[in-house]
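Colleague: The primary structure of each chain is shown beneath.
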Amino acid sequence: MGTNSYKLVSEEDFPKDKQCYYYSILCSRDLKSIQILNDICSRLLLGNQKIIFQENDEISIATVEKKFHLILKKIDPSIYLLVYFNISNVSIKEKLESIIARIKYITFGWMAPDDLGKFENYSTDYDIIKLYTSYDPYYLLKRSKIQPELQDRYQDRWYKPRSIEVNIKTSKIDAHDVLSTLLKKKITETVKLSFNAKFSNPGEASIVVDQDAKVIHERGELQATEKIVSDVVQKTQEKLKDYSRYSTFRKYTKLDDGSFDLSNYSPTQPFFYSFEFPEDIDEFSVKLENLLTISRKNLQIYGTRLERKGRDFSCLTYIPVDRSELRLTFCEDDGTPQLVVDPLHTTPLGILTLTRTLSEKMTWSTRLSGFYD
Amino acid sequence: MTNSLGWNELHTQLLNWTFSLYMNQFRGNAHLANQGYFGRPDPTLEIEQSVKRKTVTPDFIATDQKGIVQIHDIKGFERLMQRINDNDIAEKIEQEFQKISDYRNVTESSIKSFFSKHKIDLKNISVELIAVMDFDFYIRHKKIIDSCAKKSNVIVWTIDINQKRIRKHAGHHLDNKLDQMFKPSIVLPIHPWCPALVLFTRQTDKRVKTYHFTSNLIAALVQDSKNLIKFSEIDNLMINSTPPKFAHLIPAEREKEWITLLFEAINRDKILKKSEKGPDMYELQNPAILESPYSRNKLLEDLSRKLGIIK
Chain Y
120 MGTNSYKLVS EEDFPKDKQC YYYSILCSRD LKSIQILNDI CSRLLLGNQK IIFQENDEIS
180 IATVEKKFHL ILKKIDPSIY LLVYFNISNV SIKEKLESII ARIKYITFGW MAPDDLGKFE
240 NYSTDYDIIK LYTSYDPYYL LKRSKIQPEL QDRYQDRWYK PRSIEVNIKT SKIDAHDVLS
300 TLLKKKITET VKLSFNAKFS NPGEASIVVD QDAKVIHERG ELQATEKIVS DVVQKTQEKL
360 KDYSRYSTFR KYTKLDDGSF DLSNYSPTQP FFYSFEFPED IDEFSVKLEN LLTISRKNLQ
420 IYGTRLERKG RDFSCLTYIP VDRSELRLTF CEDDGTPQLV VDPLHTTPLG ILTLTRTLSE
480 KMTWSTRLSG FYD
Chain U
71 MTNSLGWNEL HTQLLNWTFS LYMNQFRGNA HLANQGYFGR PDPTLEIEQS VKRKTVTPDF
131 IATDQKGIVQ IHDIKGFERL MQRINDNDIA EKIEQEFQKI SDYRNVTESS IKSFFSKHKI
191 DLKNISVELI AVMDFDFYIR HKKIIDSCAK KSNVIVWTID INQKRIRKHA GHHLDNKLDQ
251 MFKPSIVLPI HPWCPALVLF TRQTDKRVKT YHFTSNLIAA LVQDSKNLIK FSEIDNLMIN
311 STPPKFAHLI PAEREKEWIT LLFEAINRDK ILKKSEKGPD MYELQNPAIL ESPYSRNKLL
371 EDLSRKLGII K
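Top line first, the protein sequences correspond to chains Y and U.
Here the working numbering is used: the first residue of the first sequence is 120, the next is one more, and so on.
Here the working numbering is used: the first residue of the second sequence is 71, the next is one more, and so on.
Worth flagging that the hints you see were computed from the coordinates, not collected in a lab.
It is possible that part of the hints are untrue.
As the list claims (entries may be wrong) - Keeping only pairs whose Cα atoms sit at most 30 Å apart, straight-line, the calculated DSS-like set for lysine-lysine is:
1) Y/Lys135 - Y/Lys317
2) U/Lys296 - U/Lys368
3) U/Lys300 - Y/Lys151
4) Y/Lys151 - U/Lys296
5) U/Lys376 - Y/Lys416
6) U/Lys326 - Y/Lys214
7) Y/Lys370 - U/Lys136
8) Y/Lys373 - U/Lys326
9) Y/Lys428 - U/Lys376
10) Y/Lys370 - U/Lys189
11) Y/Lys237 - Y/Lys135
12) Y/Lys416 - U/Lys368
Throw the hints in and build the complete structure from the sequences for me.
Modeller: Laid out in structure tokens, this is it:
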């Protein structure tokens with residue numbers, strides 16, 4: 120790890136006392152980096168402030184003078200790296216993040232806790248792990264005294280996340296325990312790992328990596344952080360490559376009469392998720408069905424329930440990022456609950472979104488396997 | 071639980087399994103493609119009776135690329151399956167075989183023209199007719215089907231979705247190799263579970279078409295965070311969705327389908343409405359759909375309940 124660095128930010132431009140943010144952005148459309156940057160900037164609604172765009176190969180830069188820099192680099196057709204830092208004292212970070220979350224054809228990358236754990240290798244004597252958790256609205260809804268027929272009317276109330284934040288500062292050895300045990304007890308929805316990385320060359324930096332595959336350069340040498348950034352991007356690439364064997368491939372040729380002929384088709388490989396021993400399978404099944412159909416605010420997925428027999432159910436679930444359409448069947452195999460995925464259409468991006476949603480909202484013990492692996 | 075694709079939309083499933091035999095990509099299971107056969111769904115052909123010419127739309131057509139042409143009919147028998155208690159089922163089956171027999175009069179020129187767009191040049195054409203039906207249906211009415219098939223010289227294939235088998239029960243193929251192949255039965259690909267080679271066919275259940283049309287329209291609007299669609303954009307959107315809808319039909323025929331589906335989405339299902347932003351522009355009746363997964367779920371479930379797809 121840490122063999123290359125992107126060198127996206129020149130030392131002259133970057134004010135030493137500021138933080139620099141690196142976002143891995145996954146995109147379902149093969150666009151030029153300037154197209155995405157334009158879309159992001161137009162939604163920033165900066166009024167009459169002039170944005171200067173520069174475009175060079177696969178890198179595009181947007182600058183508002185004396186305010187901020189945005190740099191977007193296309194890494195491959197589905198991964199882009201967005202770098203942001205501000206020059207003034209007014210930060211647009213929050214706004215930027217909420218805009219990215221609202222553009223549906225792109226999504227943040229994902230670092231699962233196991234992946235985050237691997238960055239401990241870079242850390243020195245101590246790590247700070249920030250754990251953050253929010254109540255599950257369905258947990259509340261299920262226990263509410265409102266009659267079912269009135270729940271529609273009050274639904275907004277249950278969609279407001281109520282959250283508490285827990286910060287744990289711990290030594291490196293314990294950090295691993297926290298990541299591997301506490302997280303698996305689904306205590307957290309948001310995980311951050313902060314550490315100091317030291318290289319012989321370029322040097323040292325204080326860095327935060329979170330589950331959105333966002334890397335924050337807090338202080339030190341930018342190039343040291345960029346080494347970590349390249350690792351994060353590489354991890355995401357590996358993950359997408361791993362999922363690509365489950366995605367569909369169809370090629371159509373346009374004929375003279377305007378119709379399209381299916382000239383190449385590689386069938387989907389069905390796959391399934393297994394979950395380790397949920398405490399209460401009945402409740403797990405209801406919660407899972409809700410997640411996959413009614414979904415929740417700020418989540419990508421939604422769907423239609425087809426059938427329910429006892430604990431078993433099936434539904435059609437849609438994922439807007441790549442317009443995935445999946446038929447999902449929940450059943451038990453030898454006492455182990457399974458969610459069988461039969462994709463009508465999906466891409467690695469859709470699978471990543473589904474896996475992440477299940478891991479974060481249901482249980483970290485979610486495991487994906489193919490039927491023919 | 072039930073096989074996927076639509077919801078028990080048997081016609082589309084049977085058509086897809088038939089199609090899979092002719093798709094090279096299914097390798098070992100593309101039994102007919104491996105023999106040099108090429109087949110595609112929903113052809114538009116012409117028949118000549120006395121001096122009149124009439125357009126017909128069988129469910130599937132295939133050729134060995136030398137001269138043998140197979141025309142398959144599926145829908146007729148699927149329709150009969152829903153009328154198990156009919157006393158006059160025998161008569162209905164006879165009528166279906168009569169209808170298939172009409173395909174014997176399909177003009178050579180219309181067959182040649184269909185295959186020529188796929189770059190296949192046919193010289194002397196001999197046609198064989200195949201009735202494709204569900205295995206259980208066949209077993210239930212074996213006697214009458216066998217006798218009709220014999221009388222009208224139609225080959226009968228049955229598809230057993232659970233056992234993943236295609237069997238031949240009556241008639242002889244012009245190509246001896248095929249008769250051999252069917253002894254005892256042809257194994258369908260186990261995987262994928264639903265081939266989804268063609269999601270919408272001309273004969274796909276209207277309700278399934280409506281549901282998928284709506285869900286795709288919503289998915290596209292949500293992905294673009296856009297509450298406006300022009301009629302002219304719909305074709306492009308459905309062609310570019312995966313799997314594409316009606317892509318194998320010609321643009322004029324697709325347009326007719328979009329008009330029907332759009333009209334229903336506006337007037338019957340109250341999903342879209344005319345936009346004031348311009349002529350032929352439409353927007354969602356409930357714009358909350360763009361931001362709220364709950365509203366999308368509610369709309370789709372209400373629609374499927376209304377269509378009778380789910381209870």
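Colleague: Does the structure keep Y/Lys370 and U/Lys189 at a Cα separation of 30 Å or less?
Modeller: Given that 30 Å is the threshold and the Cα spacing comes to 17 Å, the pair holds.
Colleague: Hey, U/Lys300 versus Y/Lys151, does the alpha-carbon distance stay inside 30 Å?
Modeller: Holds, at roughly 26 Å.
Colleague: Please verify whether Y/Lys135 and Y/Lys317 have alpha carbons no more than 30 Å apart.
Modeller: Given that 30 Å is the threshold and the Cα spacing comes to 18 Å, the pair holds.
Colleague: Does U/Lys368 sit within 30 Å of Y/Lys416, going by the straight-line distance between their CA atoms?
Modeller: 14 Å, holds
Colleague: Regarding the pair Y/Lys151 and U/Lys296, is the alpha-carbon distance no greater than 30 Å?
Modeller: 21 Å, holds
Colleague: Starting from Y/Lys237, check that the Cα of Y/Lys135 is at most 30 Å away, please.
Modeller: Given pair Y/Lys237, Y/Lys135 holds - Cα atoms ~28 Å apart, limit 30 Å.
Colleague: Given the hint that Y/Lys428 pairs with U/Lys376, does the C-alpha gap stay at or below 30 Å?
Modeller: Distance of about 21 Å is within 30 Å: holds.
Colleague: So if I understand the rule, the pair passes when the alpha-carbon distance is 30 Å or less; does U/Lys376 with Y/Lys416 pass?
Modeller: 26 Å, holds
Colleague: CA of Y/Lys370 to CA of U/Lys136, is that 30 Å or under?
Modeller: Status holds; Cα separation ~26 Å.
Colleague: Between U/Lys326 and Y/Lys214, does the CA-CA distance stay at or below 30 Å?
Modeller: 44 Å, violated
Colleague: Can you confirm whether the C-alpha distance between Y/Lys373 and U/Lys326 stays at or below 30 Å?
Modeller: 19 Å, holds
Colleague: Tell me if the straight-line CA distance from U/Lys296 to U/Lys368 falls inside 30 Å.
Modeller: 19 Å, holds
Hint 6 from the list above is the single one not met by this structure.
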